[in-house]
Amino acid sequence: MKLVIGIVRPERANDVLEALYRAQVRGISMTKVQGHGGELDRVETYRGSTVKVEVTDKVRFEIGVSEEFVQPAVDAICEGARTGEVGDGKIFVVSLDQVVRIRTGETDEAAVTPVSA
Amino acid sequence: MTGTLIAQAGSVDTGDTAWMLAATALVLMMTPALGLFYAGLVRSKNALNTFMMCVSAIAIAGITWSLIGYSLAFDGSGDLIGGLNYVGLHDVTFAPRDGTTIPHLVFFAFQATFCIITVALISGAVVERMRFSTWMVFATLWSILVYPVLAHWGFGNGWLMEGGTLDFAGGIAVEMASGFSAVAAAIVVGARKDYGRIGLLPHNSILVLLGAGLLWFGWFGFNGGSGFGVGDPSVLAFTNTLLCPAAALFTWMMLDLIRDRKVTAIGAATAIIVGCVLITPAGGFISPGWALALGFAGTFPCYFLIVYRPRTRVDETLDVLAAHGLAGFTGILAIGFVASASWNGVSDGWLYGHIGQLGDQALAALATPLYAFGATFILLKLIGLVMPLRGPEPDESLGMDSIYHGEEAYPSGEGAILVTPEDGEEAPVPVAQP
Chain U
1 MKLVIGIVRP ERANDVLEAL YRAQVRGISM TKVQGHGGEL DRVETYRGST
51 VKVEVTDKVR FEIGVSEEFV QPAVDAICEG ARTGEVGDGK IFVVSLDQVV
101 RIRTGETDEA AVTPVSA
Chain L
1001 MTGTLIAQAG SVDTGDTAWM LAATALVLMM TPALGLFYAG LVRSKNALNT
1051 FMMCVSAIAI AGITWSLIGY SLAFDGSGDL IGGLNYVGLH DVTFAPRDGT
1101 TIPHLVFFAF QATFCIITVA LISGAVVERM RFSTWMVFAT LWSILVYPVL
1151 AHWGFGNGWL MEGGTLDFAG GIAVEMASGF SAVAAAIVVG ARKDYGRIGL
1201 LPHNSILVLL GAGLLWFGWF GFNGGSGFGV GDPSVLAFTN TLLCPAAALF
1251 TWMMLDLIRD RKVTAIGAAT AIIVGCVLIT PAGGFISPGW ALALGFAGTF
1301 PCYFLIVYRP RTRVDETLDV LAAHGLAGFT GILAIGFVAS ASWNGVSDGW
1351 LYGHIGQLGD QALAALATPL YAFGATFILL KLIGLVMPLR GPEPDESLGM
1401 DSIYHGEEAY PSGEGAILVT PEDGEEAPVP VAQP
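Chains as they are written, first to last, in the numbering used here: chain U, 1 to 117; chain L, 1001 to 1434.
Worth double-checking, as some hints may not be accurate.
To be clear about the criterion: a stretch of chain U counts as covered by chain L if any three or more of its residues have a C-beta under 8 Å from a C-beta of chain L, and this derived list gives those stretches [claimed, not checked]:
no.: 1; stretch: 4-15
no.: 2; stretch: 50-56
Straight line, CA to CA, 25 Å or less: simulated DMTMM-like cross-link-like pairs of lysine to aspartate or glutamate [stated by the list, open to error]:
no.: 3; chain 1: L; residue 1: Lys1193; chain 2: U; residue 2: Asp108
no.: 4; chain 1: L; residue 1: Lys1193; chain 2: U; residue 2: Glu106
no.: 5; chain 1: L; residue 1: Lys1193; chain 2: U; residue 2: Glu67
no.: 6; chain 1: U; residue 1: Lys90; chain 2: U; residue 2: Glu106
no.: 7; chain 1: L; residue 1: Lys1193; chain 2: U; residue 2: Glu68
no.: 8; chain 1: U; residue 1: Lys32; chain 2: U; residue 2: Glu106
no.: 9; chain 1: L; residue 1: Lys1381; chain 2: L; residue 2: Glu1393
no.: 10; chain 1: U; residue 1: Lys2; chain 2: U; residue 2: Glu106
no.: 11; chain 1: U; residue 1: Lys52; chain 2: U; residue 2: Asp88
no.: 12; chain 1: U; residue 1: Lys90; chain 2: L; residue 2: Asp1194
no.: 13; chain 1: U; residue 1: Lys90; chain 2: L; residue 2: Glu1393
no.: 14; chain 1: U; residue 1: Lys90; chain 2: L; residue 2: Asp1395
no.: 15; chain 1: U; residue 1: Lys32; chain 2: L; residue 2: Asp1079
no.: 16; chain 1: U; residue 1: Lys32; chain 2: L; residue 2: Asp1194
no.: 17; chain 1: U; residue 1: Lys2; chain 2: U; residue 2: Asp41
no.: 18; chain 1: U; residue 1: Lys2; chain 2: U; residue 2: Asp108
no.: 19; chain 1: U; residue 1: Lys32; chain 2: L; residue 2: Asp1260
no.: 20; chain 1: U; residue 1: Lys32; chain 2: L; residue 2: Glu1396
Simulated from the structure, these hints should not be mistaken for lab results.
We put the CB at the ideal spot given by N, CA and C, even for glycine.
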């Protein structure tokens, strides 16, 4: 079991969702985050105060998957999120110690297996 | 009318003038109100740009109208276009405007607010992708080449008005003009890059409702002022501006309920606009009873066009055609059916025995869309030859606010570093090279 974390551009989030759906990866959390990946700073001016905005809006996907779905999930996020410009985001894959499905009490592999499967 | 102001029998009436001053301010407020309405309907990253398109219309049309637009619309009785006597407000003074009891300056200012909001209305077709500078060029030229022509036809003694077409407050020059120009603009500028691919949702329905409410409030000046005084036509139009939108609002909520078992708030806000537009041309010509009936019946075509339009490939984003073009068209035709001389003292419609009125109305309903669509289409095509109509695709992803205004509607404040004047000159550089 792995936790796949993908941080992507907000405008690509829909493409990532589509790609994940096509790869039959289910069970996804999404959050809006702010971060910095080395892209150009935006310069904004409010009534004479000029500011450099260093953090950019991003969307963070978190997907708990069984081993066989790790690569499909990573590939889908890459495919959906890539534009080729700086700031496309990153994917982190981390090991999971334990997973529990709250409704049934199933643990680990059974808990990350989609209900329909 | 030749533009000479000396040979007038009438004099200024203080009561009429007082109301018209207030009405002018009410109509001017409609443009920022439209800004709220439109801004709420787009995504948050484009909210400021959308609002600014409306706000910029005040600057642009305010200037072009005083320099040339007003003269082209309201000087003389040429068939197709007015003269040049009022260019730069020449001869526009305290003396009453021909045929009214208000100072010519007040008449000018009142009409200016109409030109302003009409320009702002078209922006609804091209929000979320048009370049802001190109928009300003387009707004400038449109306010000179399209609006004054239609205003002259409809209420500046042009061929439609002289031919007997009735238009109380701008079914021709404001509503049909903006609606059909909007379609042309949407076609030439093209759809947003994500249109028809992902859902592009309104970001703030409260702004939409607030904008609609303020528009309705302003519309009492728009319609109630179009009698140029406090006489019967203004009183009738004022009251009809309460009744017709109320009926339209009720009808829309019922249609929503029947179709989806849910009454949508954004639908209700749209219904208020549709109702106000329906009564705009007919306000001073039809009875209050017919105003209610118009609000009911006229809502149907607009409702179904709004349901149908997103299934097409024309990204006429904020449905200016349905809410203004089609509603204005319906209102103009309604005069031909249900106008009654006992209420307006001018003419009867078909139901009261004068079928000729319907012919006059149909002529306007045919000619106006043709000119508005054709002129706007050609104008934007020509502008497109000289400058890009829209920015590069990545800009559209980032949002218009950041690209064209250097601001955000809802800045988080996180990670904003104050730039001191010394290092303000530096071009932004990537912090980490890829």
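**Item:** Holds or violated: Lys32/U to Asp1260/L, with C-alpha atoms at most 25 Å apart
**Value:** Measuring from Cα to Cα gives roughly 31 Å; hence the hint is violated.
**Message:** Using C-beta distances, would you say chain L covers the stretch 4-15 of chain U, given that this needs three or more residues below 8 Å?
**Reply:** Since three or more residues must qualify, the claim that chain L covers the stretch 4-15 of chain U holds, with 3 doing so at under 8 Å.
**Message:** Lys90/U and Glu1393/L were given as a pair; does the straight-line alpha-carbon distance stay at or below 25 Å?
**Reply:** holds, 22 Å
**Message:** With the threshold set at 25 Å, check whether the alpha-carbon distance from Lys90/U to Glu106/U stays at or below it.
**Reply:** Outside the cut-off at roughly 31 Å; violated.
**Item:** Pair hint outcome, Lys90/U versus Asp1395/L [Cα-Cα no greater than 25 Å]
**Value:** Holds, at about 22 Å.
**Request:** Take the C-alpha atoms of Lys1381/L and Glu1393/L, compute the straight-line distance between them, and say whether it is at most 25 Å.
**Result:** holds, 20 Å
**Prompt:** Holds or violated: Lys1193/L with Glu106/U, Cα cutoff 25 Å?
**Reply:** Given pair Lys1193/L, Glu106/U is violated - Cα atoms ~44 Å apart, limit 25 Å.
**Asked** Taking 8 Å as the C-beta cutoff, is the stated coverage of the stretch 50-56 of chain U by chain L satisfied by three or more residues?
**Response** holds (count 6)
**Message:** Between the alpha carbons of Lys2/U and Asp108/U, is the straight-line distance 25 Å or under?
**Reply:** Roughly 10 Å between the alpha carbons, so the hint for Lys2/U and Asp108/U holds.
**Request:** Sort out whether Asp1079/L lies within 25 Å of Lys32/U, counting only the CA atoms.
**Result:** Status violated; Cα separation ~59 Å.
**Request:** Take a quick look at whether Lys52/U and Asp88/U sit within 25 Å of each other, Cα to Cα.
**Result:** holds, 20 Å
**Asked** Given the hint that Lys32/U pairs with Glu1396/L, does the C-alpha gap stay at or below 25 Å?
**Response** Measuring from Cα to Cα gives roughly 19 Å; hence the hint holds.
Going down the numbered hints, you'll see the structure goes against 3, 4, 5, 6, 7, 8, 15, 17 and 19, while the others check out.
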